[in-house]
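Peer 1: Reassemble the complex: the two chains are provided individually, in unrelated frames, and hints are given to aid placement.
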Amino acid sequence: DSGVTQTPKHLITATGQRVTLRCSPRSGDLSVYWYQQSLDQGLQFLIQYYNGEERAKGNILERFSAQQFPDLHSELNLSSLELGDSALYFCASSVAAGVAGTDTQYFGPGTRLTVL
Amino acid sequence: QKEVEQDPGPLSVPEGAIVSLNCTYSNSAFQYFMWYRQYSRKGPELLMYTYSSGNKEDGRFTAQVDKSSKYISLFIRDSQPSDSATYLCASPKAAGNKLTFGGGTRVLVKP
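Residue numbers (our numbering), protein chains in the order written: chain R, 802 to 917; chain B, 15 to 125.
The shape of chain B in the complex, shown without the other chains (with noise of 0.2 angstroms):
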């Protein structure tokens, strides 16, 4: 079982909707969690970080922890067609800075 799971999609969504993207996992020492966006081809991009339990809003990007069930959600509001791309959670081991991946969800926004 990998650390950290991901629905792989795609993900389609017309434009102006809600992106709801979610991973688990499994290792209780994950204390930071990360969303990183990645366009093809090229290296990915840190969105936002939460810590611990909770939600964060940056502009139109909501991410949520839930330490009890293990559950990292990422929401997109008003989901525009350059939000397309691979979104990956992500989460650090406790030990050092190494970041483990979850396989990444590609999102489609249709105009």
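Isolated chain R, as found in the complex (with noise of 0.2 angstroms):
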């Protein structure tokens, strides 16, 4: 156990809709990252908040946003699904910011999105 939750574990929805997938980092932890993980794209960082502030952007879409809350839990908002946009979604904590290499990233069991 990482000790990093994330919910749900599952999400089945319709195209169109709006998800909210959430996650606490580790106690103690003030970096969260979201990742997507497909079967085609591999597992493709998403987006990086340090205690509350965006800090790093990857090839996260328009329609996806995040946010970190006070007490560094995180939601991932993904809007007008698409059927592309099943795939696992993790995220993933650190103690630090993240220069490079020093700060270990521990990751969460993953919410499994399927839109239908």
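The set of hints was computed from the structure by calculation and includes no laboratory data.
Don't take every hint at face value.
Unchecked claim - As a list, the in silico SDA-like pairs of lysine to any residue whose alpha-carbon atoms are at most 25 angstroms apart:
1. K70/B <-> Y85/B
2. K56/B <-> S828/R
3. K56/B <-> R827/R
4. K810/R <-> K56/B
5. K124/B <-> Q45/B
6. K84/B <-> Q45/B
7. K16/B <-> G885/R
Peer 2: Next comes the structure, spelled out in structure tokens:
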């Protein structure tokens, strides 16, 4: 158990809908990262928050947004869902902002999103 | 071309054999390299990380980095059925900590 929790575990929804995925980082971790894992694209970085502020952005679609709250939990919002958004969404956390390579990321169990 | 490439496998070996996994990368700016293990329907977990070139050993696991050829290796000695998983290599971008992952290699260790 990494100490990172994600809810829900599974989510089934229809195209055009909006969903919210939630992540609670490990106790003491200030950074939260979101990744998407699909069969064709593999595991891809979406966005990072550090202590409530956006820190880094990856290939995140404009339909997707995230935020980190004062209690450090984070939410990833996915809107106008398309079939291609079906994937595993992982949250990871680390202690600090992430000086490259020195800040281990611990991954949660993921949320499996199915868009029908 | 993806920045980090891995053979997807599956790689099937008998119990007790040495598992040899490889990645190639294209971005010369990569300095740190990680190996993550991911069991089916679970999140990735960090196995090892190395900095620059050289070897690092941790129990049954050895990681090697050859920066001259942009080649990363992970060796698992005395493999066990519990080592059956997908192994992902990754590297963080120099500016920040966002990880770039390879596609993963699925390993099957048969009893």
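Peer 1: Decide, hint by hint, whether the structure agrees.
Peer 2: Hints versus structure:
no.	hint	result
1	K70/B <-> Y85/B	14 angstroms, holds
2	K56/B <-> S828/R	20 angstroms, holds
3	K56/B <-> R827/R	17 angstroms, holds
4	K810/R <-> K56/B	11 angstroms, holds
5	K124/B <-> Q45/B	35 angstroms, violated
6	K84/B <-> Q45/B	11 angstroms, holds
7	K16/B <-> G885/R	20 angstroms, holds
Of the numbered hints given earlier, the model fails hint 5 alone.
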